[in-house]
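Each chain, letter by letter, is given below.
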Amino acid sequence: MKTLAPIVAVIAVLAAVPFVVQSNATLNFLVVSLMVALAGQGWNILGGYGGQYSFGHAAFFGTGAYVTCILQVRYGVNAWVGFGAGIAAGAALGGVIGALAFRSGLRGSYFALVTLAFAEVLRIIASVAPITGAGVGTLIKLDLGAQTFQFQSRAVFYWVILGLVGVSLVIARLIERSRFGVWLIAVRENEDAAEALGVNARSVKSVAMIISGAVTAAAGCFYAQYFLFVDSGIAYGTWISIEALLTPIIGGVGTVFGPLLGALVVKSLGEGAKLVTGDVPGLDLILYGAVLVLVIWVAPGGLIGGLAQLRKRLMRGATRAAASTQGAGHG
Amino acid sequence: MPVLSPAILVSAVLNGLLTGAVYALVALGLTLIYGVLHIINFAHGALLSAALFAAFFAFRLLGIDPYVAIFLLTPLFFAFGYALQRFIIGPASHRDDRNMLLVTLGIAVIIENALLYAFRADTRTIDVPYAFETINFGFTFLAVPRVVGFAAVFVVALALWLIMNCTDIGRAIRAVAKERLGAELAGIDVAHVYAMTFGLGTACVAVAACLLIPNYYVNPSVGNAFVLVAFTIVVLGGMGSVLGALIGALLIGVVESLSGLFLGESLGQIGIFVIFIAVLLVRPNGLFGARA
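Chains Z and W, in that order, are what the protein sequence lines are. So that you can map any letter, position 185 of the first sequence is 185 in our numbering, and since no number is skipped, the others follow by simple counting. So that you can map any letter, position 150 of the second sequence is 150 in our numbering, and since no number is skipped, the others follow by simple counting.
Just so you know, these hints were derived from the structure itself, not from any lab. Please note that a few of the clues may not be correct.
[As the list claims (entries may be wrong)] Derived DEER-like restraints, expressed as beta-carbon distance ranges:
id, chain 1, residue 1, chain 2, residue 2, range
1, Z, 309, W, 72, 39 to 49 Å
2, Z, 272, W, 163, 39 to 49 Å
3, W, 10, Z, 104, 27 to 37 Å
4, W, 95, Z, 315, 25 to 35 Å
5, Z, 5, W, 124, 54 to 64 Å
6, W, 124, Z, 125, 24 to 34 Å
7, W, 91, Z, 5, 38 to 48 Å
8, Z, 95, W, 10, 40 to 50 Å
9, W, 163, Z, 307, 57 to 67 Å
10, W, 122, Z, 131, 45 to 55 Å
11, W, 124, Z, 19, 45 to 55 Å
12, W, 72, Z, 320, 48 to 58 Å
13, W, 278, Z, 192, 23 to 33 Å
14, W, 95, Z, 103, 22 to 32 Å
[Unchecked claim] Covered, in the sense of this in silico footprint (three residues per stretch, anywhere, with C-beta under 8 Å from a C-beta of chain W), are these stretches of chain Z:
id, stretch
15, 64 to 74
16, 95 to 104
17, 107 to 116
18, 122 to 132
19, 275 to 284
[Stated by the list, open to error] From the structure, some residues in chain W lie toward chain Z, with a derived Cβ separation under 8 Å:
id, residue
20, 102
21, 269
22, 276
23, 277
24, 281
For every residue, glycine included, the Cβ atom is placed at its ideal position computed from N, Cα and C.
Using the sequences and the hints given, assemble the complete structure.
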């Protein structure tokens, strides 16, 4: 239980926010940040721990969003069931793409490209297929109520997404602590060596992709319920693929809290840029790109890695200072 | 299903080849960079958008014909690409492939949104007098700018081949591509070679932009459409293979044109991605790629 204590503490602190902050705009900002953190955690499980950099996590986000929408609108399925089905669909898609990509031994850039291609194929299909509402998109009818997963108050949505993020943090921590997690990290560090030691790299990566797909799909499902609208550009657009990989990389790739920290920092930067410059299109994204390049340049391990490094350096400096004063005393 | 007279089919294939030639120009730069630096340059599309804007304003503001602008923009973009790799991508990525991938992605986001910020999302075109002129081949008509582009791609490919095979820098590039450490020990400045390669790849993009602009349009995200296709071509032809990129591009051009004809305009590009995924899954080293 001790390993989960930091997660419980962080979630508990964040859960208190709506009691302090009443502004809808601020809550909305936090909800979107947490949604991106959730998508990022999905990416992190595969990319951070497993070293498989996907450039097309929109495939999972979009599938989650569309499945939730379509089941409700076209088949009258209950929203909560739709939500679960969306997550399951993300996991299934992860299984399919993983099986195909890893069976062919795609690694590195090739894997990144094939995930991108899958997201693009899905986007094109969604933009013409009648079931997705084609170019118009799909609108979920406004019908407030707990049963329809639609809430008047932003705070409730905030707690829902916070709960989901909490679950994703626990999943990441459990993976980290498990034998499976050790295999996954071994595959990231050196796939051939891991295989030589008896790790079945293909199945380990596939399982990671299934979990990853499910977590990112959950963010998509939430998007659909929160905004009640999905179209192909939103669901399968490059924006979410980029945000999903940007947040863990900036926060700290392969760490439990990296995606959450990254999402809060990146989103705050974006909002900050908007406040300073007004609503000029493009400027916040310029900042995104610059931060991405800078973080990789200055702190390749992300903010969490950078902080750890800084602390180590300070401590080393302190020990050295202590040693030198001691030496002076002896002299 | 359209009525398929041979004339329609032939002109669809020919048009596909002409489109493929432009794709080839974009893909050549990409495959060159991949062959040497072993990274996928995600900034390629944004650089193409930037080059298209440069060609657009060269014509609008300075009255320079796009075909003349080639000689102006190519060295300019070469220098830009060189500086980008030498002073930003190289130092920022600490020689880690994954970092390079992300740094180029970051640069792509910066360039694309800087263009959006400066010029807004409007789509712009130029009108040169020869934009809609066609050449009559007897059985079909082909637009002049596209025929020029088709011819130019072979000139560019030849120039690249000459640079790679007959100059010192070409030899150095090939040495680094084959064995970086060995080349470094032999006294080759690897950072310089990387930057030269990136510069050459970016120069290809400038040529592509000048050939495209007479009968194409420009907006901040226009390059993305090309670059996804160019990725496909590079993979199809075997990453790092110039000949593969050339043949792959022509093939993809025809596939797009034919699937547009059979499936309709909006689904035209899906054929490309399906081929892409299929090739990656069946022959990950591409049609002409060396075994990894």
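| Hints that the structure is at odds with (numbers, increasing) | 9, 10, 15
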